[in-house]
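Residue numbers (the working numbering), protein chains in the order written: chain A, 1 to 191; chain B, 1001 to 1232.
A couple of the hints might just be wrong.
Stretch by stretch, here's where chain B covers chain A in the computed footprint (C-beta under 8 Å, at least three residues) [stated by the list, open to error]: (1) 27–33; (2) 40–52.
Pulled a few chain A residues facing chain B out of the computed Cβ check, cut under 10 Å [unchecked claim]: (3) 18; (4) 36; (5) 96; (6) 97; (7) 98; (8) 172.
Bear in mind the hints are in silico, worked out from the structure with no lab data behind them. All values reported here derive from a predicted model rather than from experimental measurement. Every residue gets a Cβ at the ideal spot worked out from N, C-alpha and C, and that includes glycine.
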Amino acid sequence: MQDKRQEEIQQATPQTMELTNSALLKYTMFSFVFAAFTLLIIILPAEYDIDPTGIGHELGLTVFHHGKDESAAQLLTQEASKKSKEDTETIEVLVPAGRGVEYKFIMAQYQKLEYEWITDGSALYFDLHGEPEGDTTGYFESYAIATLSEMKGSFTAPFAGSQGWYWKNTTDAPITVQLIVKGEYTTHGLK
Amino acid sequence: MSNFSPRYGLISLIALIAIWLPIAAFAHGVDESTRAFLQQNTGVQIIPFLYIGAKHMVTGYDHLLFLVGVLFFLYRSRDVLLYVSMFTLGHSITLLFGVISDIEVNAYLIDAIIGLSVVYKGFDNLGGFNRLFGKSPNAKLAVLIFGLFHGFGLATKLQEFQIPDDGLIANLIAFNVGVELGQFTALAFILLMINFWRTHSSFTRFAKNTNCLLMSAGFMLVGLQLTGYFIN
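Given the sequences, and given the hints that come with them, work out the whole structure.
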């Protein structure tokens, strides 16, 4: 009984469909137009902030992008001044074997940072540098480059942007850096 | 079975769409915790790589759309197995070859081609190639070629993480096997639903609309990825 039913299904369902030329054209056109329409008013505004019709903005789909810019700008302008100069923070950064990591602080122009860092063993190659805010050319300014297992000092940000260290571990074992900072900055983290 | 209301067919279509929606959030990328793992891992890690491979497949909606297209008119288990093997062969070759020989292809272009494969399958199911050229392209060959592209896409994404050389081959093979496991899982669910739907009259009635939407989704993927390619 079951087999017979299976056979009926197989006969009833062909490998492809048979459409007339005009029906095929109709379905193809519809699928293309529907895709273009959805892309223009929903997907592109939400994914890339490309909104030629303005409908995406009206629907509130471009918030993903605007939120990002505004919060970053607010962090730089407002919270920078609020941050207490007396707070000390201790941060542990793991540098995997044979890899480099970058740890950055977001700072406004002329803000100051005192720092002290020490590894749990081997020396690390490092580059203490700053990248201007909003720069897309890859420009950066180095303040110190050396291979050391500890260092203490301070710097004043010459421009608003992200300031911090690139550490490179050339050994075959992971190295932990203990970083103690005191100064004016908004956020910090691995980059 | 034949006494079932055709409404059940529609319900299963809705269920089919409903499972894609939450999945869409993951897209085809790699999430944060996986990224951290890939960058920090050392040595042979079979189980984690198996898992990442399987997860990549189960949550990759572009790939799932293609599977729906391929399985739409396939009901014999022999055919299903054959098609899956062709795909596996394709992506295993390019994944291993791509990572080992450091070949990177732009991920947006690869994803656009994957989108195009969804368009192709939707159009093929509508009988478009039969109508235009009098015959349909060899579906097995198409699946193999799609597999080759998909493997390059995976290779490119894995290389972005500069996975350590230590245990690389074993990890890659684990990843590849994971992709297979994920594929079988996705396949089982899709096949179950399509075969259930096939027993209802609504399957035939909605076949054109479903494949039309499938094709449309493929166009959307192409548009999304090509835009990404041009603005980045």
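Comparing the hints with the structure gives:
no.	hint	in the structure
1	27–33	holds (count 5)
2	40–52	holds (count 5)
3	18	5 Å, holds
4	36	7 Å, holds
5	96	5 Å, holds
6	97	7 Å, holds
7	98	7 Å, holds
8	172	9 Å, holds
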